[in-house]
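Trainee: Letter by letter, the chains look like this.
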Amino acid sequence: MWIKAGLFPLLLSYVLAMVLMVMPLPAFLEPWRPDWLSLVIIYWLLAIPHRVGFGTVLILGLLADILMGSVFGIYAIALLLIAYPTVRHYQRIRNYSLTQQALIVGLLVLVKRAVVYELEHVLNDAVFLLPYLYPVISSAIIWPWIYLVMRKYRRRHLIR
Amino acid sequence: MQSLFERGPSLRTRLVLSLAIAGSLLFLDHRLNTMQPVRSFMTSLVAPIQYLAILPEELLDRLVYLSTTRTALREENYRLQEELLELEMAVQRLNFLENENDRLRQLLGSEVRQASRRMVAEVVAVATDPFSHQLVINKGSANGVYDGQPVLDNRGIVGQITSVGHNTARVLLISDQSHAVLLRAERNDIRVLAKGTGDLALLELLYIPHSTELIEGDILLSSGLGGVFPEGYPVAMIDSIDRDEDRPYAKVLVRPFAELDRVRTLLLLWPANASEEPVYDDEVPDVD
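Protein chains in written order, with my numbering: chain A, 113 to 272; chain U, 2 to 289.
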């Protein structure tokens, strides 16, 4: 069988992350929307790095570019750049406490947003706005819950 | 579990390889603009995600609608009828003025303004990236939507179409940092250029001298000079003027009439000189 166990739940989690990424929110919540796609990708990279690799990240990044309407490749490059340290140090990050993990995740999301901003700045003359970094905080805060929920999800659907 | 030693190329090689792919796509898309067919194909591919994203909101709306009481509906109906009556009276007057205007323009020998056609579209997704203020609507090339088409809501101009898929299209809002629109003041016809700031509720006027006659509260209309937006639609009101002499120009902030942060229903406009024709699904095309 070429379909490995748990492929559909895995794909479903990506789709869900992308749906949450573009879901309309009330205006006051909008700047605080966590970076769902990065969180889900980071989780899978930590949990099953032998299965979710740069290829997956690349494809998801390109789909995110289409969804956000940015130039092809911006999100892909940013996500790849945070995927590298995650895969490089997954064994260490896995053993951290949830608080430490949350800090690492916050840092990764910060790097991702900085890369996206820099590319947008170079290509489209984007101007920096502070609210762009609010999701760094909200992503770090929500990470422990994401981690626990995703672990439960992974175990129930035997994704390994 | 995987073995202790990695097989295949090293992690860094794989990273460099994927980065090279993403980088070349970026180059192809941004510098050479050759990715348009791929983009429109992928836009159709991700359309289900966008439709899924508004599903909860639609369900909630439906639920709210189902739970409204008879009295509430009757009250709303009554209110709407009142409103319709008022609007009908206004339209009578408008038709008369339009005819008169056409006649006078003919007398002057200038071109008579053509009526434009319109279509209602629903917002299906928002892009949350503050560097690109965009919306996705549920009408695409199948409905005759074209690149650069003006988009309005019931208060004023919202933006223009930037890319078209089969059943969806992307609207660039006037508040996007890369968007600028030519306006003129209603009171004294001063021409101004309004650029998006990345803030949904603020635009900035460029190159305004300190001695400008504009005052706070002035209403700005589209001037029709850019070739995208038709003339005379309300766009924004002047919010603040900072005449700080240290800066080369006065800093003028304006507030768009369209509520860009909560648009749900939009109006697509086909000006008389549009290259495409609207294709209506099932609704009766409105004649005017």
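Some hints here could point you the wrong way.
[To be verified] Derived Cβ-Cβ restraints for the label pairs, each shown as a range:
1. A/L128 <-> U/L95: 46 to 52 Å
2. U/R80 <-> A/T211: 39 to 45 Å
3. U/R106 <-> A/F140: 43 to 49 Å
4. A/L242 <-> U/N34: 31 to 37 Å
5. U/T35 <-> A/T211: 44 to 50 Å
Read the hints as simulated data drawn from the structure, not as lab findings. In this text, a Cβ means the ideal position worked out from N, Cα and C, and glycines have one as well.
Trainee: Of the hints stated earlier, which fail here?
Mentor: Hint 2 is the one this structure does not satisfy, whereas the remaining hints hold.
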